[in-house]
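Just so you know, the protein sequences line up as chains Y and H, in that order.
Under full-length UniProt numbering, the residue at position 66 of the first sequence is numbered 66, and the numbers go up by one with no gaps.
Under full-length UniProt numbering, the residue at position 131 of the second sequence is numbered 131, and the numbers go up by one with no gaps.
These aren't lab readings, by the way, just hints derived from the structure by calculation.
In this text, a Cβ means the ideal position worked out from N, Cα and C, and glycines have one as well.
Don't take each hint at face value.
Incomplete in silico selection of chain H near chain Y, CB under 7 Å [claimed, not checked]:
(1) His64
(2) Glu69
(3) Met70
(4) Asp72
Derived DSBU-like pairs (lysine-lysine); straight-line CA-CA distance at most 30 Å [unchecked claim]:
(5) Lys92(Y) x Lys377(Y)
(6) Lys159(Y) x Lys292(Y)
(7) Lys292(Y) x Lys4(H)
(8) Lys223(Y) x Lys4(H)
(9) Lys386(Y) x Lys82(Y)
(10) Lys92(Y) x Lys298(Y)
(11) Lys65(H) x Lys86(H)
(12) Lys435(Y) x Lys223(Y)
(13) Lys298(Y) x Lys4(H)
One letter stands for each residue in the lines below.
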Amino acid sequence: MVDNMQSQSKQLGKMYFTVAAILFGAQILFGLIAGTQFVFSGFLFEILDFNVARMVHINALVVWLLYAMIGSVYYLLPDETKVETVGIGLGKLGFYVLTLAVTIVVLVYILVQVGPANEMSIWLIHEGREYIEAPRWADIGIVVVVLIFLANVYLTAMKGERTGIITVLMADLLALAGLYLAGMFYTNNISIDQYWWWWVIHLWVEATWEVFVAAVIGWALIKVIGANRQIVEMWLWIEVAMLFGSGILGIGHHYFWIGTPEYWWEIGALFSALEPVPLVAMFVHVMYDWGKEQGLQKGAGGKAQMNNTPAFLWFVASAFGNFIGAGIWGFFHTLPQMNIYTHGTQFTSAHGHLAFFGAFAMAMIAMFYMGVQGNKKELKMTKLTKYGFTFITVGVVGMTVALTIAGYGQVMIERAQFGATWEAYFIGQSSIWFKQAMGWRLAMGLVTFVGFLCLVIDLLTIKNAKINQES
Amino acid sequence: MSKKVSVWADGRFWQRSAAWVTGVAAMLLIWLTFDTMGQIQMGTKAELDQGITKRVPSPTVINHKITYEMNDKRGHETPVIGEKEKFFGRDDYSEEEAMALLNLGKLASQTKNCMNCHTLLGNGAYYAPDLTKAWLDPNWESYMLRMGKETKEEAIAEFLQHPSDNPSNERMMPNLGVTAEEAKGLVAFLKHMSSIDTNGFPRNFGKIEGGIHGR
Chain Y
1 MVDNMQSQSK
11 QLGKMYFTVA
21 AILFGAQILF
31 GLIAGTQFVF
41 SGFLFEILDF
51 NVARMVHINA
61 LVVWLLYAMI
71 GSVYYLLPDE
81 TKVETVGIGL
91 GKLGFYVLTL
101 AVTIVVLVYI
111 LVQVGPANEM
121 SIWLIHEGRE
131 YIEAPRWADI
141 GIVVVVLIFL
151 ANVYLTAMKG
161 ERTGIITVLM
171 ADLLALAGLY
181 LAGMFYTNNI
191 SIDQYWWWWV
201 IHLWVEATWE
211 VFVAAVIGWA
221 LIKVIGANRQ
231 IVEMWLWIEV
241 AMLFGSGILG
251 IGHHYFWIGT
261 PEYWWEIGAL
271 FSALEPVPLV
281 AMFVHVMYDW
291 GKEQGLQKGA
301 GGKAQMNNTP
311 AFLWFVASAF
321 GNFIGAGIWG
331 FFHTLPQMNI
341 YTHGTQFTSA
351 HGHLAFFGAF
361 AMAMIAMFYM
371 GVQGNKKELK
381 MTKLTKYGFT
391 FITVGVVGMT
401 VALTIAGYGQ
411 VMIERAQFGA
421 TWEAYFIGQS
431 SIWFKQAMGW
441 RLAMGLVTFV
451 GFLCLVIDLL
461 TIKNAKINQE
471 S
Chain H
1 MSKKVSVWAD
11 GRFWQRSAAW
21 VTGVAAMLLI
31 WLTFDTMGQI
41 QMGTKAELDQ
51 GITKRVPSPT
61 VINHKITYEM
71 NDKRGHETPV
81 IGEKEKFFGR
91 DDYSEEEAMA
101 LLNLGKLASQ
111 TKNCMNCHTL
121 LGNGAYYAPD
131 LTKAWLDPNW
141 ESYMLRMGKE
151 TKEEAIAEFL
161 QHPSDNPSNE
171 RMMPNLGVTA
181 EEAKGLVAFL
191 KHMSSIDTNG
201 FPRNFGKIEG
211 GIHGR
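For reference, chain H alone in the conformation it holds in the complex (with noise of 0.2 Å):
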């Protein structure tokens, strides 16, 4: 005679539910990854020209201005992509030449190790500022007067290439061997950076007088 016991202390009932638990909500992450995978594809720079917004645009926006305003519709701060601006001279890199420079700044921010003193997106260590918008940030105006360069790449890369010699704090940046042009592959990699759609993140950047709206 079997003995009668209830659902819930039926450890087969709590089996299957934990399979199909487990399978569902896998599923769902992998309809849900597919979804943003097409979100967050890189941009073309036809779709940047026509002025068609992507979450990630096209390595060629380091032709272009960016700014990150307040969108009242979203109802946080966004990066807005505005006219053309040069960068180290130029503002008619091509969508390989872009490519070639947001790729070896990606592949210096590995090899150099930022992560692991920086938050990119607000990911790594929180030993040094972030770097989401770090092409913004108001301090680097100061850095150019100080280093004497006419503009704000120059004055990164050179910051880039010799961090111990222009530090803002005592908790300095070492010199990690960065080279000239794999400075300029970083600052390119940050402008793209702060040019992805970070749904506000991080919030009210930059607005040291305070207020939501306020500058």
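Just chain Y, with the same shape it has in the complex (with noise of 0.2 Å):
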């Protein structure tokens, strides 16, 4: 039995949740530099442009999550495997020289923003490529890192116990990193460059990280409440053939329009509408072992185990917005029928900024707060536990409901009614449900920014909080 207070990966884990929460501050500060930007033209103009005030905003949602995705295995790993992870030297290497990578590759997207159009810039600079800008050398670290982390993962499970949770991980964590290689190659042939691409970026996003965060959830709802052990893992699986037997082909509903052919109109539409069905199965599972647990512990007349708050409203809120964000917003404008006009417009970032936010970063918020907790018995919401998930959460479905707005106008004026030009775009642009909308979604974007200021806070002065001194 493996030390919990002693363990290495556990510190490793919140060494990893540390790096997740500072990028996660970057992501929402240079999001307000780009949301500044479509009320304001002439911000920053020629100085730090929207393109790279996006880049690194997307490109920072994705490795704070990765950040947190790898210290959450890395916590939870001796809790499962009931030994101390293998190879943790190594892994400690590996986040450095992964800390290391990112740093430059940020400064370099800041500081030289573009290169002359040869292989040298995609080498060195970025490869202008939507979600996996990073330059190709930062690729080839990634994979190394990616591949110690995953040698760490298989030697623990191999010398250790392997659950069920622990079994998805490991098969889950293959097929991320399996994925991530197609994405690092160079053609001349947009459609071809596309169709790959999202290889990387949906089977990642809709399949590969919603298994993750379902493993997760299954891992915490043991830890939070005690559920049980069979049930969680009997679902999880269930969600497992949901998420990617409706998950994989759903790429499908990306193939519409980028040159390829036409029957996956038919594939997308079909496996895409799917999608949402496991999420309920997500929130039904949560919801269902939390009310069976209280009622079993109580029945026995005892109290229902319940050991960490602030993760728990995190998970459970989690499962809600993976469920709305992912689910309803994605399910909107899957229909090819509707997606030819809302393809490519702000519907699109309304449904990414909730879908994100619901299915992954407030899971992953969660993980920081059990990552808190440590081998405290017992961690109880403070006032700005409550803040900081209250302005998140209404600056983000702020957001989401602005951006809805501003894709509504878009909708109808730039594409529908005026056929989607240069001229039309801009019509569409300076009407009035776009202009107040993106002026609301400013203003979101700063609730949002104090909800990150709470949060922040309160994870460093949680431990020593009276409420959590009392009991």
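Dock chain to chain to rebuild the complex, using the hints, since each chain is given by itself in its own frame.
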């Protein structure tokens, strides 16, 4: 039995969480810059243009979630396998290499920005491909670090106990790492470029990341409310079947308009329409377990187990947010009949904000609280926990609603009425629907940032908060 | 004595189901990928000259006039590749020359980070207009007049090199240090992209007077 207090793996997990939280802050800050540029177009013009702000905004998002995911695995590994993680020294080296690389990449993005049109720019500056802009040298570095991480996980699972949760994570992480390779080459055919690009973006986000989150929430239910492992793991397998069953071919909804054959319309429409189903299952699972465990423990005359209310708050909210953001907001515009008008408008942006937040960010924030709890028997919500949760959630939901309204205006004016030309685009952008909505989006972005500050202060102080010293 | 459990509450049943469903979905995706890859490979000059339509035609499409028209059989708009048309004064680019230009343009589109303001084939950021059919955009005609250029390609190239001197809106494109050669490549890239069969996206492009068939 590994001593949790001394566990190097948990320490490493917390190091990953720390960097993740910093990058989360960077994501919001650069999002604010980009959001401001929509309202005041001269803001930082030709100093830090929208393309740079937006690149840092979305890359910080992807990288902070990856950091939080890797951290979560290092954090839960000793609990699940009952042994200390194998090769932890190498794992720590990987952490420092990755963090150094991320720092250099971000500095190059901000300071160099663009290069001449040759392969050297793609190797050294960025690849200019949304979400996976990291220059090629960093791509290779990421692959090496991920291989170290995989080795840690596999060797540990082989040495210790292998639970259902660990089995799912092992398969999932292998797929997650392997898919990254599909985005690491150059082609002069934009259709082929985008085809493989979606293998990274879609198959990560809508398949492997979703399965990852399902596994982490399963682990947390056992930890926090004492849910029955057998039931949790059975649900987990059901969710894996449904998530991969819909998510893998759901990639078709990105293949409607990039030059690919028309049969993707039917495949994309059918499977992406099924994608919300497992998200409902995940939600039912969380609520079912909570109710059942409470009932069982109360029936036995005891008190229901609940040893980390802040984490549980974020986990339950994530089950909600995943369904609403990924499920409902995704379903809004997933059918090709609809998508031909909404594709590439602020509708997509609205869906993206709520889906990433609800499905992944909320679950990973919950993991931050698990990390903060450490060996403490119980962690209760403080005022700041509630403020942080409220401001961040209201902020992101507010941004989503604003962007949905902007998207609505854009679809009606630019696409339906004026036919999607350059001029049509700017008529749509200058409509009152769009302009006011973008103002609200910026305001809601500021609310989110205030929430982020509350969250960070809470994470730093919650262990010493009065409320957590009483029990 | 073993406890009797319903198959629906049996973890192993669901584990096997998960493995099978994932495997079948992955195999289907791989099979469809082979089919799609065949269909979206770039065509050749010979095919183009014989009038064989490809979803992604040969880069020598820059030697031709491209329009985007309603296809009654398919029920949506498709690119139509027409007679010869001069591109920077020539209409006899060889396969290699056209490919080199297209490649330079694609590289420039990445290294200049176009996708983090514009959308290409509808993917990217939403801060600037979609570039999918930008080559066919009627606005270039006013730019030809404004910048005193004889042809559309020269007007686009000029704009790409000095975007902030030629704004169309208060939201301007920044100067990205595009050289004359890179601009030429980018225009070839845009012209080629407008010839890709995108299943009718963007719908109703340029039909400002309204009506699906209207102009």
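Consistency of the hints with the structure:
{"no.": "1", "hint": "His64", "result": "18 Å, violated"}
{"no.": "2", "hint": "Glu69", "result": "13 Å, violated"}
{"no.": "3", "hint": "Met70", "result": "12 Å, violated"}
{"no.": "4", "hint": "Asp72", "result": "16 Å, violated"}
{"no.": "5", "hint": "Lys92(Y) x Lys377(Y)", "result": "27 Å, holds"}
{"no.": "6", "hint": "Lys159(Y) x Lys292(Y)", "result": "33 Å, violated"}
{"no.": "7", "hint": "Lys292(Y) x Lys4(H)", "result": "22 Å, holds"}
{"no.": "8", "hint": "Lys223(Y) x Lys4(H)", "result": "28 Å, holds"}
{"no.": "9", "hint": "Lys386(Y) x Lys82(Y)", "result": "34 Å, violated"}
{"no.": "10", "hint": "Lys92(Y) x Lys298(Y)", "result": "43 Å, violated"}
{"no.": "11", "hint": "Lys65(H) x Lys86(H)", "result": "8 Å, holds"}
{"no.": "12", "hint": "Lys435(Y) x Lys223(Y)", "result": "46 Å, violated"}
{"no.": "13", "hint": "Lys298(Y) x Lys4(H)", "result": "27 Å, holds"}
Comparing the model with each numbered hint stated earlier shows that hints 1, 2, 3, 4, 6, 9, 10, 12 do not hold.
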